[in-house]
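**Student:** Once you've looked at the hints, go ahead and assemble the two chains, each given alone in its own frame, into the complex.
The primary structure of each chain is shown beneath.
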Amino acid sequence: MTKTPLLEINSLSVDYRTSRGTVHAVDDVSFTLEKGEKLGLAGESGSGKSTLGLSIIRLVPYPGVIGRGQIKVDGKDVLKMHEDELRSIRGRRVAYVFQDPMMSLNPVKRIGDHFVELLRTHEPTMDRKHVMERAETILKDLGIQPERIDDYPHQFSGGMRQRIMIGLAIALNPDLIIADEPTTALDVIVQAKILDLLENLRKTYNMALILISHDLSIILERCDKIIVMYAGHMVEYASSAELYSSPIHPYTQKLLRSIPNIELSDQKLLAIPGSPPNMLNPPKGCPFWPRCADSEEACKRKAPPLVDVGNNHLVRCFRHDEKGVLVE
Amino acid sequence: MVIVGIVIVLAIVIMTALAPWTAPHDPTKAESSNPIRAPPSFQFPMGTNHLGIDMLSRTLFGGSVMLQVSALSVILCFLVGVPLGLFSSYAGGLLDSGVSLVIDAVYAFPGLIIAIAVAAVLGPGVINMALSIAVVYIPSYFRIVRSQVLSIKELTYVEAAKASGAKWYTVLSDYILPNVLPSIVIVATINFADAVLTAAGLTFIGLGVTYDIPDWGWDLTNGRQYLSSGAWWIIFFPGLMIILLALGFTLIGEGLSELLNPKLQR
Chain U
0 MTKTPLLEIN SLSVDYRTSR GTVHAVDDVS FTLEKGEKLG LAGESGSGKS TLGLSIIRLV
60 PYPGVIGRGQ IKVDGKDVLK MHEDELRSIR GRRVAYVFQD PMMSLNPVKR IGDHFVELLR
120 THEPTMDRKH VMERAETILK DLGIQPERID DYPHQFSGGM RQRIMIGLAI ALNPDLIIAD
180 EPTTALDVIV QAKILDLLEN LRKTYNMALI LISHDLSIIL ERCDKIIVMY AGHMVEYASS
240 AELYSSPIHP YTQKLLRSIP NIELSDQKLL AIPGSPPNML NPPKGCPFWP RCADSEEACK
300 RKAPPLVDVG NNHLVRCFRH DEKGVLVE
Chain D
0 MVIVGIVIVL AIVIMTALAP WTAPHDPTKA ESSNPIRAPP SFQFPMGTNH LGIDMLSRTL
60 FGGSVMLQVS ALSVILCFLV GVPLGLFSSY AGGLLDSGVS LVIDAVYAFP GLIIAIAVAA
120 VLGPGVINMA LSIAVVYIPS YFRIVRSQVL SIKELTYVEA AKASGAKWYT VLSDYILPNV
180 LPSIVIVATI NFADAVLTAA GLTFIGLGVT YDIPDWGWDL TNGRQYLSSG AWWIIFFPGL
240 MIILLALGFT LIGEGLSELL NPKLQR
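Top line first, the protein sequences correspond to chains U and D. Each residue of the first sequence is one higher than the last, beginning at 0 in numbering that gives the first Met the number 0. Each residue of the second sequence is one higher than the last, beginning at 0 in numbering that gives the first Met the number 0.
These aren't lab readings, by the way, just hints derived from the structure by calculation. Treat each hint with caution, since some may be false.
[Unchecked claim] With the C-beta cut set under 8 angstroms, the calculated list includes, among others, these residues of chain U facing chain D:
| # | residue |
| --- | --- |
| 1 | G20 |
| 2 | R89 |
| 3 | R91 |
| 4 | Y95 |
| 5 | V107 |
| 6 | H121 |
| 7 | T124 |
| 8 | M125 |
| 9 | L167 |
[Claimed, not checked] Okay, derived cross-link-like pairs now, DMTMM-like style, lysine to aspartate or glutamate, Cα gap no bigger than 25 angstroms in a straight line:
| # | chain 1 | residue 1 | chain 2 | residue 2 |
| --- | --- | --- | --- | --- |
| 10 | D | K166 | U | E116 |
| 11 | U | K71 | U | E84 |
| 12 | D | K166 | U | D83 |
| 13 | U | K34 | U | E241 |
| 14 | D | K166 | U | E296 |
| 15 | U | K108 | D | E153 |
| 16 | U | K108 | D | E253 |
| 17 | D | K152 | U | E84 |
| 18 | D | K166 | U | D149 |
| 19 | U | K202 | U | D140 |
Glycine included, every Cβ here is placed at the ideal spot set by N, Cα and C.
Extracted from the complex, chain D is given alone in its bound form (with noise of 0.2 angstroms):
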C-alpha cells in the first residue's frame, strides 16, 4: 500500500517538477491561434479552457501550489500539534486544562470557516494558505495526542521504564511517543488530503493564489462554470489529479500505520 501510495505521490511531484520542459504550451498565457473550449483533439489532449489556454499544460504546472500547501501545512501541525499534546497531556494538571482550552475553543468553529477567516486576515499567498489551514489541523492533532498520551502513560509498561529510572524526557520519547505516532499518521494523511481539498476552496473564493499560477483549484472551481455547457474536460483532468494526489497520501498514511504499529504486521 505505502509503495503504491509513494508511487502516486511521487509522480505527481516530479510531473510537477518536469513541468516547465514537458509542456507543450504556456499555462497562463493563450495563443491568439487557439481554440476556446476546445474538446480534446490531437493538438490539445485535454482541450483548452475558456481563455483558449491549454488544458494539459495547466494540469501538469498546476500541482505545485497544492503539493506545497499540504506539505507545509502538515510540517507546521506536526511542529506545532504533536509536542503540545504530548508536553500537556504528560504535565496535566492546570497546563493541560488551559491548554485544552484553548484547542477546544478552536476547535468549535467548522474548519473551513476558520480557514477562510485566517487566509483572509493573512491574504493569499501559498504559505499563507499553509497557515490557515495548519489552524484548523493543530487541534486534530492534539486531541489525538493528548488522548492517546493520557491512556499510555496509565500503561505498566511506562510505569516499569520509570521504574527502571529512566528519565521523564525519556519516558516521552522512546515510550510514549513511538506508540503515539501511528494515530498521528493516520491525522497527516486525512489532513494531507484535506489540505488539498482546503487549498482549492480557499482558491475558489479568492483566497488562494491568482490567476497567473497554474493552480488545479483553480481550474476546478473556474470550470465548473461551463459544465452545463458540455464543457467537462476544464475539470475532468484537474479534479482527477486531486482526487489522485488525496489518493496517494491516504494510501501512504495506511500503509505507514501498519509499518510503525509491529503488532500489525504479518
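Next comes chain U alone, as it looks inside the complex (with noise of 0.2 angstroms):
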C-alpha cells in the first residue's frame, strides 16, 4: 500500500459562473503534495494559480464554483467535508497567507488578539495567558519585538505585516502553508527577508509550502516542485532543477528568457508577445497558440494531452506529445 501524500488534488475544475459567461479558472489539474516539499504555482494573472490556491481550503470567492475533481488532505476529500470539518482543516492543517498585507490583519483587533483568536479558535482550553506566551515566542522567532503585541495593526509597516501573517500561519504548526503572492506588495530586500524567514520556519516545523508567484525567478529559487499555470490549465510540472536546465512547454522557455540575468549583462530580455486569453472566451485548442512562435495546425483544433516525458516531467504540448507517456 503506497502512503497517502499530504495533499492530493485530481482533475480539479473550477468555474466562475458570470452573467456573461463561464470562465474555466482552473482546467483538470492533477498533482500530489508529500509532507515537507515546496511546491511553486508560477503564471500570469489570471491564469488560475490563486483560485487553485483558495480552492484547496474551499474559499473559492463568488461565482466560483468547484466544478469537478477531488482535493484530498491525509486522503480525505475536503470537497465532500461538513462545515465543522472544513473549519478545523483551515488554520490547522493548512494555512493561508494572502498577498495584501495591508488587509490581512483586523484593524480594531490588537497584534495579540488575533493570535487569542486563531489558538481559541482551535484550542478552546487554552487560556489567554499561555496563548500570549506563544504569541511572544513567535513574534520572537519573527524578529518582532515582543513588547509590541499589543499594538494595533497599522502601527506596523507592511514587512512587519507580512511576518506577523507568517507567524499567525505557523501558530497552529499546520502542515501546509499555501502562501499566495506573499511578497508581491513589498520592496525587493523586504521580499528576500520575508521569503528566508518563511523558509526557515518551514525547515524548523517540517511543513509543506505552496508558493504562489507571478515571479518564477522566486519560485525556481525557493521551491522543489514547479507547476506552470496558463488560462486555468497546468501547461508544464517539473522539479525546478529540471524546469530551469530544460523547459519544454513553449511558454515555460518565453518565462525563462525574459528574466533578467546580472552575469549575462548584454542578454536582450525577451518579452512574450500578446497579452494573455480573455478567459469568457478563451482560443479553442492550446490555448497558447496565439502567443506561440511554434504553434501549429494541430494547436488551433484541439487541446493537447498532458504527457509524461520521463522524470516525472509532464507537459502540455503537441510537440512533445510523442515523446511521452500520456497521463491518466
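**Tutor:** Right under this line is the structure:
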C-alpha cells in the first residue's frame, strides 16, 4: 500500500459562473504534495493560480464553483467535508497567507488578540496567558519585539504585517502553508527577508509549502517542484532544477527568457508577445497558440494532452506528446 | 470632545433628575399671584409663560420626556437595525433582497410623516413616541450597516479569518461588527439629536405628551405664538436646552467614532 500524500488533487476544475458566461479558471489540474515539500505555482495574472490555492481550503470567492475533481488532505476529500470538519482543516492543517499584508489583519484588533482568536478557535481550552506567551515566542522568531503584542496593525509596516501573517500561519503548526504572492506588495529587500523567514520556519516545523507567484525566478529559487499555469491549465510540471535546465513548453521557455540575469548583462530580455487570453472566450485548442512561435495547425484544433516525458516531468504540448507517456 | 459632550448630557440628566428638589415653583400649576408672561426678574429668573407658570421650573423639569424618548428610540433602533443589517447583508441572496425591499419602502416616506402616522395610531405617550421615532430611524441603521458589511466582508482580513477556521458568527462579531461600529455611532448621534427634534415636533401637533407633563418641546411650540408680542423668554430657554442636548449627543458621537477607530487616534 502506498503512503497517502499530504495533499492530492485529482482533475480539479473551478469555474466562475458570471452573467456574461462561464470562465474555466482552473481546468483539469492534478498533482500531489508530500509532507515537507515545496511546490511553486507560477503563471501570469488570471492564470488560475490563486483560485487553485483558495480551492484547497474551499474559499473560492463568489461566483466561483468547484465543478469537478477531488482535493484530498491526508486522504480525506475537502470537497465532501461538513462545515465543522472544514473549519478544523483551515488554519490548523492548512494555513493561508494572503497577498495584501496591509489588509490581512483586522484593523480594530491588537496583534495579540489575533493570536488569541486563532488559537482559541482550534484549542478552546487554551487560556489567554498561555496564548500570549506562545504569541510572544512567535513574535521573537519573526524578529518583532514581543512588547509590541498590544499594538494595532496600523502601527506596523507592510513587511512587519506580512511577518505577523506568517507568524499567525505557523502558530498552529500546520502541515501545509499556502502563500499567495506573499511578497508582491513589498519591496525587493523586504521580499527576500520574508521569504528567508518563511523558509526557516518551514524547515524548523517541517511544513509543506505552496508558493504562488507570478515571479518565476522566486519560485525557481525557493521551491522543489514547479507547476506552470496558463489560462487555467497546468502546462508544465517538473522539479525546479529540471524546469530551469530543460524547459519544454514554449510558454515556460519564454518565461525563463524574460527573467533578467545579472551575469549576462548584454543578453536581451525577451517579452512574450500578446497578452493572456480572454478567459470568457479562450482560443480553441491549446490556449497558448496565438502567442506561440511554434504553433501548428493541430494546436488550433484540439487542446494537447498532458504527457510525462520522463522523470515525472509533465507537459501539455503537441510537439512533445509522442515522446512522452500519456498521463491518465 | 467626548468629555465635553458627556459633561453637557450628564449635566442635563442631573438637572432633570434633581428638578423636584431644585425647582422654585410648581412646573404645571400657576400660583394665582404669579404675573402672566412676565419677563425675567429676580423672582422668576426665566420669566413666566402665558398661564403665569415659572419658566425656570419648567425648564428644569422639561428634559425628562426628551431624554427618555431619545434614549429609548436609539436603543430600539440599535437592537433592531444593526442585527438586521448584519445578518441580511452577510447572508446575502434572497433574504437580503427581501429585507432591503421592505426597509426601502419605509425609507421612501419622509421621516416626520411616518412618525406622525405611527404616533397617531399608537396614541400619545413616551414609549409610543420612542416607537414612532424608531420606525423612522431603523432604515438608516439598516442601510449603513448593510452597505458597510457588503464592503467589509470582501476584505482580506475577513477572508483571512475564514481561512484560519473562524466560525461564521465569530467572523460577524469579531471582524465585521467592530469595523461597522464607528459608522453606527455616527448614525446614533444623528438619531439622538433628531429624536429630540422629532419629539418636539410630535408634541407640537398634539401627538406627544400632554400639557401637565413639563416638556421643552411643548414650551417651544406653545411659546412661539407669544414671540411676536416680545415674550422671547418662553421659547428661548427651552430652545437653548434642546440645542444643548442635541449638541452634547453630537459631540459624544464624534468623539466616540474617533475612539472606536484606532486609525484616527493620535
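**Student:** For every hint, state whether the structure bears it out.
**Tutor:** Now the hints, each set against the structure:
no. : hint            : verdict
1   : G20             : 22 angstroms, violated
2   : R89             : 4 angstroms, holds
3   : R91             : 6 angstroms, holds
4   : Y95             : 4 angstroms, holds
5   : V107            : 4 angstroms, holds
6   : H121            : 6 angstroms, holds
7   : T124            : 16 angstroms, violated
8   : M125            : 14 angstroms, violated
9   : L167            : 7 angstroms, holds
10  : D:K166 x U:E116 : 11 angstroms, holds
11  : U:K71 x U:E84   : 13 angstroms, holds
12  : D:K166 x U:D83  : 9 angstroms, holds
13  : U:K34 x U:E241  : 21 angstroms, holds
14  : D:K166 x U:E296 : 53 angstroms, violated
15  : U:K108 x D:E153 : 18 angstroms, holds
16  : U:K108 x D:E253 : 21 angstroms, holds
17  : D:K152 x U:E84  : 22 angstroms, holds
18  : D:K166 x U:D149 : 24 angstroms, holds
19  : U:K202 x U:D140 : 13 angstroms, holds
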